[in-house]
Amino acid sequence: MKISMFHLMPYRDLPDDFAQKYHSVWVDPPYCELADSVKVGQYYNWTLDELIHAADKGIDGICVNEHHQNAYGFMPNPDLMGSILARATNGTDVAVVQMGATLPTSNPPIRIAEEYSMIDCISGGRMVAGMPLGTSQDVNLCYGIPPIEQRERYYEAHDLILKAWQSPEIFAWNGKYFKLPMVNIWPRPIQKPHPPVWIPGSGSLSTWDFSARHNHCYCFLSYWGNNFGKRVMDGFWDFVAKGNHDPNPYRAGFLQLVAVSETDAQAEKDYYKHIRYFYDKCLHILPEYFPVAGNQDYKSLVNSVTKLNPQLFDLMNKIPAWKYKDFVDNQFVIAGSPATVRQQLMEAVKKLRVGNLMVLLHIGSMPHDLTIKNIDLFCSEVLPHFRGVWDGEWDNKWWPESLKGPRKQMSSNGVHAAAR
Amino acid sequence: MAAAKEKTLSVWGDKVHPKVRILGDGPPIVYLHGGYGPIETELLDELGKNFTVYAPEHPGITAGDEDSYKALDDMWDLVLYYYDLFDKLGLKSPAVVGHSFGGMIAGEIAATDPTRVGKLVLISPLGLWRDDSPIRNYIVTPQTELPALLFKDQHHPSLKRITLNPEDQDGFIRITWALGCTGKFMWPIPDKGLRKRLHRIAAPTLIVWGKDDKLLPAVYADEFRKGIPGAKVHLVEGGAHMMPLEEPARLAATVAKFIKG
Numbered sequence: 004m005k006i007s008m009f010h011l012m013p014y015r016d017l018p019d020d021f022a023q024k025y026h027s028v029w030v031d032p033p034y035c036e037l038a039d040s041v042k043v044g045q046y047y048n049w050t051l052d053e054l055i056h057a058a059d060k061g062i063d064g065i066c067v068n069e070h071h072q073n074a075y076g077f078m079p080n081p082d083l084m085g086s087i088l089a090r091a092t093n094g095t096d097v098a099v100v101q102m103g104a105t106l107p108t109s110n111p112p113i114r115i116a117e118e119y120s121m122i123d124c125i126s127g128g129r130m131v132a133g134m135p136l137g138t139s140q141d142v143n144l145c146y147g148i149p150p151i152e153q154r155e156r157y158y159e160a161h162d163l164i165l166k167a168w169q170s171p172e173i174f175a176w177n178g179k180y181f182k183l184p185m186v187n188i189w190p191r192p193i194q195k196p197h198p199p200v201w202i203p204g205s206g207s208l209s210t211w212d213f214s215a216r217h218n219h220c221y222c223f224l225s226y227w228g229n230n231f232g233k234r235v236m237d238g239f240w241d242f243v244a245k246g247n248h249d250p251n252p253y254r255a256g257f258l259q260l261v262a263v264s265e266t267d268a269q270a271e272k273d274y275y276k277h278i279r280y281f282y283d284k285c286l287h288i289l290p291e292y293f294p295v296a297g298n299q300d301y302k303s304l305v306n307s308v309t310k311l312n313p314q315l316f317d318l319m320n321k322i323p324a325w326k327y328k329d330f331v332d333n334q335f336v337i338a339g340s341p342a343t344v345r346q347q348l349m350e351a352v353k354k355l356r357v358g359n360l361m362v363l364l365h366i367g368s369m370p371h372d373l374t375i376k377n378i379d380l381f382c383s384e385v386l387p388h389f390r391g392v393w394d395g396e397w398d399n400k401w402w403p404e405s406l407k408g409p410r411k412q413m414s415s416n417g418v419h420a421a422a423r
Numbered sequence: 063m064a065a066a067k068e069k070t071l072s073v074w075g076d077k078v079h080p081k082v083r084i085l086g087d088g089p090p091i092v093y094l095h096g097g098y099g100p101i102e103t104e105l106l107d108e109l110g111k112n113f114t115v116y117a118p119e120h121p122g123i124t125a126g127d128e129d130s131y132k133a134l135d136d137m138w139d140l141v142l143y144y145y146d147l148f149d150k151l152g153l154k155s156p157a158v159v160g161h162s163f164g165g166m167i168a169g170e171i172a173a174t175d176p177t178r179v180g181k182l183v184l185i186s187p188l189g190l191w192r193d194d195s196p197i198r199n200y201i202v203t204p205q206t207e208l209p210a211l212l213f214k215d216q217h218h219p220s221l222k223r224i225t226l227n228p229e230d231q232d233g234f235i236r237i238t239w240a241l242g243c244t245g246k247f248m249w250p251i252p253d254k255g256l257r258k259r260l261h262r263i264a265a266p267t268l269i270v271w272g273k274d275d276k277l278l279p280a281v282y283a284d285e286f287r288k289g290i291p292g293a294k295v296h297l298v299e300g301g302a303h304m305m306p307l308e309e310p311a312r313l314a315a316t317v318a319k320f321i322k323g
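Going line by line, the protein sequences match chains P and C. Just so we're aligned, residue 4 is where the first sequence starts under our numbering, counting upward by one. Just so we're aligned, residue 63 is where the second sequence starts under our numbering, counting upward by one.
None of these hints come from the bench; they were simulated from the model. Hints are not guaranteed to be accurate.
[Said to hold, decoys possible] Calculated lysine to aspartate or glutamate pairs in the EDC-like style (CA-CA distance at most 20 Å, straight line): (1) P:Lys310 to C:Glu229; (2) P:Lys310 to C:Asp139; (3) P:Lys179 to C:Glu207; (4) P:Lys302 to C:Asp232; (5) P:Lys179 to C:Asp129; (6) C:Lys132 to P:Glu159; (7) P:Lys302 to C:Asp129; (8) P:Lys302 to C:Asp127; (9) P:Lys182 to C:Asp136; (10) C:Lys132 to P:Asp162; (11) P:Lys24 to C:Glu207; (12) P:Lys302 to C:Glu229; (13) C:Lys132 to P:Glu155; (14) P:Lys179 to C:Glu229; (15) P:Lys302 to C:Asp230; (16) P:Lys321 to C:Glu229; (17) P:Lys42 to P:Asp19; (18) P:Lys310 to C:Asp230; (19) P:Lys182 to C:Asp139; (20) P:Lys302 to C:Glu128; (21) C:Lys77 to P:Glu155.
All chains, please: the whole structure from these sequences, using the hints.
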């Protein structure tokens with residue numbers, strides 16, 4: 004079992020009436036009205052500090068991702084963050100998980116091949132290469148790519164990047180969307196034949212198929228809890244079975260919101276208002292933006308409209324009336340004392356058959372100190388209980404080879420002996 | 063009037079198989095539908111009183127042929143595709159009528175090879191852009207704002223043809239897919255350079271515009287008029303963007319008068 008801390012880098016201080024006053028947190032929330040660049044600078048630094056702190060405390064990997072024009076997460080180039088994280092965690096056995104640079108918005112896509120190679124080189128071969136298709140908001144609305152072309156561009160970019168990493172010869176790429184006469188990227192990754200590839204998804208049939216077909220790790224990035232998650236992951240496992248691949252749990256990743264405190268009651272006191280902030284403000288997205296017509300191919304559209312959406316809309320409509328207990332009971336957030344979190348998270352991991360878990364330990368408006376507390380409790384009281392899960396039974400083929408052995412010992416203060 | 067029939071063609075080297083609705087009697091006209099798919103049924107019926115109407119579905123929209131949009135890369139391909147489709151229907155130089163997205167395509171077809179279009183009627187076409195009058199992206203406009211943006215009568219029964227209602231899953235899929243397929247050729251801003259090609263249009267042209275079109279303000283009627291040699295403008299008092307749905311008889315009479323005249 005590998006557990007990585009995911010960070011969205013949200014704006015932590017949106018006004019109380021945000022959801023009433025503005026129609027979407029993404030695409031068109033007015034920066035000049037809502038944000039302060041000095042504060043933003045602080046947020047970027049806190050985000051880096053929090054991820055590095057988790058690395059120091061023994062988390063297996065640290066994740067950043069890409070979004071645009073989005074108050075709930077605005078790392079427009081996650082590779083800028085990833086390169087800092089790679090440098091800062093040198094000497095540790097922590098993976099730098101780029102979840103990652105969005106393929107269809109990077110033109111030409113060999114830019115990602117180059118930047119990921121840089122991070123892999125700087126980190127000494129500790130990088131996981133996330134290859135997101137990207138959301139409709141980012142790719143179509145912010146970056147102007149026609150929705151119906153997004154997936155084709157993605158497939159082409161994926162093939163180009165993998166070839167650019169692996170081809171010993173200089174080659175010409177005469178694609179439909181990208182034309183490059185002499186591909187010969189400098190540098191190449193340390194990891195051979197290439198870094199492990201993780202594919203983040205949100206339930207599209209075509210992404211399950213793509214991940215299974217290419218033998219990549221499929222990661223369901225959801226904020227809707229693991230009951231809805233099970234429905235999506237079951238769909239993925241069907242494709243794995245149809246493709247005659249083994250049911251190795253490390254093929255699957257899942258994102259779970261997690262909040263740990265001393266007791267269940269204290270967890271509510273510590274985290275409820277930040278959970279509310281996250282679901283009320285950070286996920287306040289205009290439905291017409293998510294996704295834009297054409298963004299899903301026809302098969303996925305039919306599957307979403309007939310199977311996934313009714314359940315999702317039903318869940319989403321209930322949220323405004325929810326209390327803390329409902330978020331926890333429905334496991335949108337696994338929260339409580341260390342014992343509660345251990346037990347529920349273990350059940351979720353087994354139920355979903357997930358080997359590469361990502362945990363969101365900073366939620367919405369959580370201040371820096373509280374985030375550090377959550378990271379400390381998670382890493383000391385929860386993480387150690389997951390160390391052996393799936394191991395011995397299955398090989399994590401989607402993790403950097405050099406990091407596959409037993410984790411290094413921590414010193415008494417919980418800091419990696421080798422770090423710094 | 064001959065009964066309406068539907069024909070499925072094989073176009074573009076057998077890669078696209080659009081359904082074409084054929085109805086009416088008289089000289090041929092081709093009708094190109096807007097971004098929401100082939101929803102202008104009553105207008106076609108009205109036009110059929112004077113013409114043989116050929117109303118193809120744009121590539122990818124026809125049920126069972128959803129992936130065919132991939133055979134066309136861009137506007138240039140789409141224009142050539144329509145000449146191919148005209149050939150399959152045996153139409154040398156028909157009158158072409160288009161609404162909204164269909165009007166944009168009709169303009170491109172008439173500008174690229176002016177010999178392929180006999181007469182041209184553009185009903186509130188997309189295709190041009192003015193910074194001082196930006197066009198809202200109706201594909202992502204909140205559903206609650208669409209009636210006011212597109213209709214004169216905000217309770218018009220045909221509103222359901224453009225409304226995404228999760229209770230009507232088939233309709234939801236059909237509308238979404240039509241917006242996706244037509245969006246391919248105009249995303250993210252419906253300006254693919256038509257302005258610099260308008261001067262090539264040789265067909266006698268009528269531009270029909272609703273004075274109260276909130277999506278495409280009537281200022282664009284003048285933009286088209288200035289670009290197309292000899293074009294006439296007909297402004298409709300009180301007309302909104304969805305005139306083909308709201309006022310099919312009046313609109314068809316205007317179109318017929320121009321094409322027959």
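Exercise for review: Sort out whether glutamate 207 of chain C lies within 20 Å of lysine 24 of chain P, counting only the CA atoms.
Suggested key: Answer holds: lysine 24 of chain P to glutamate 207 of chain C is near 17 Å, not above 20 Å.
Check your understanding: For the pair supplied as a hint, lysine 321 of chain P and glutamate 229 of chain C, is the alpha-carbon distance within the 20 Å limit?
Key -> holds (18 Å)
Practice item. Assess, step by step, whether the Cα of lysine 179 of chain P is no farther than 20 Å from the Cα of glutamate 229 of chain C, and give holds or violated. Key: violated (38 Å)
Review point. Do the alpha carbons of lysine 302 of chain P and aspartate 129 of chain C lie within 20 Å of each other, as the hint requires?
Key: holds (10 Å)
**Study point:** 20 Å limit on alpha-carbon distance, applied to hinted pair lysine 182 of chain P and aspartate 139 of chain C
**Key:** holds (19 Å)
**Study point:** Holds or violated: lysine 182 of chain P to aspartate 136 of chain C, with C-alpha atoms at most 20 Å apart
**Key:** holds (16 Å)
Exercise for review: Please work out if lysine 302 of chain P and glutamate 229 of chain C have their alpha carbons no farther apart than 20 Å.
Suggested key: OK: lysine 302 of chain P and glutamate 229 of chain C at ~19 Å, within 20 Å.
Practice item. Sort out whether glutamate 229 of chain C lies within 20 Å of lysine 310 of chain P, counting only the CA atoms. Key: holds (13 Å)
Review point. Straight-line Cα separation of lysine 77 of chain C and glutamate 155 of chain P no greater than 20 Å?
Key: The hint holds at about 17 Å.
Review point. Taking 20 Å as the top limit, are the C-alpha atoms of lysine 179 of chain P and aspartate 129 of chain C close enough?
Key: Given that 20 Å is the threshold and the Cα spacing comes to 16 Å, the pair holds.
Point to revise | Pairwise hint evaluation, glutamate 128 of chain C against lysine 302 of chain P, where the allowed Cα distance is 20 Å at most | key: holds (9 Å)
Exercise for review: Measure nothing beyond the straight line between the CA atoms of lysine 42 of chain P and aspartate 19 of chain P; if it is 20 Å or shorter, mark the hint as holding.
Suggested key: Roughly 17 Å between the alpha carbons, so the hint for lysine 42 of chain P and aspartate 19 of chain P holds.
Comparing the model with each earlier hint shows violations of hints 2, 3 and 14; every other hint is respected.
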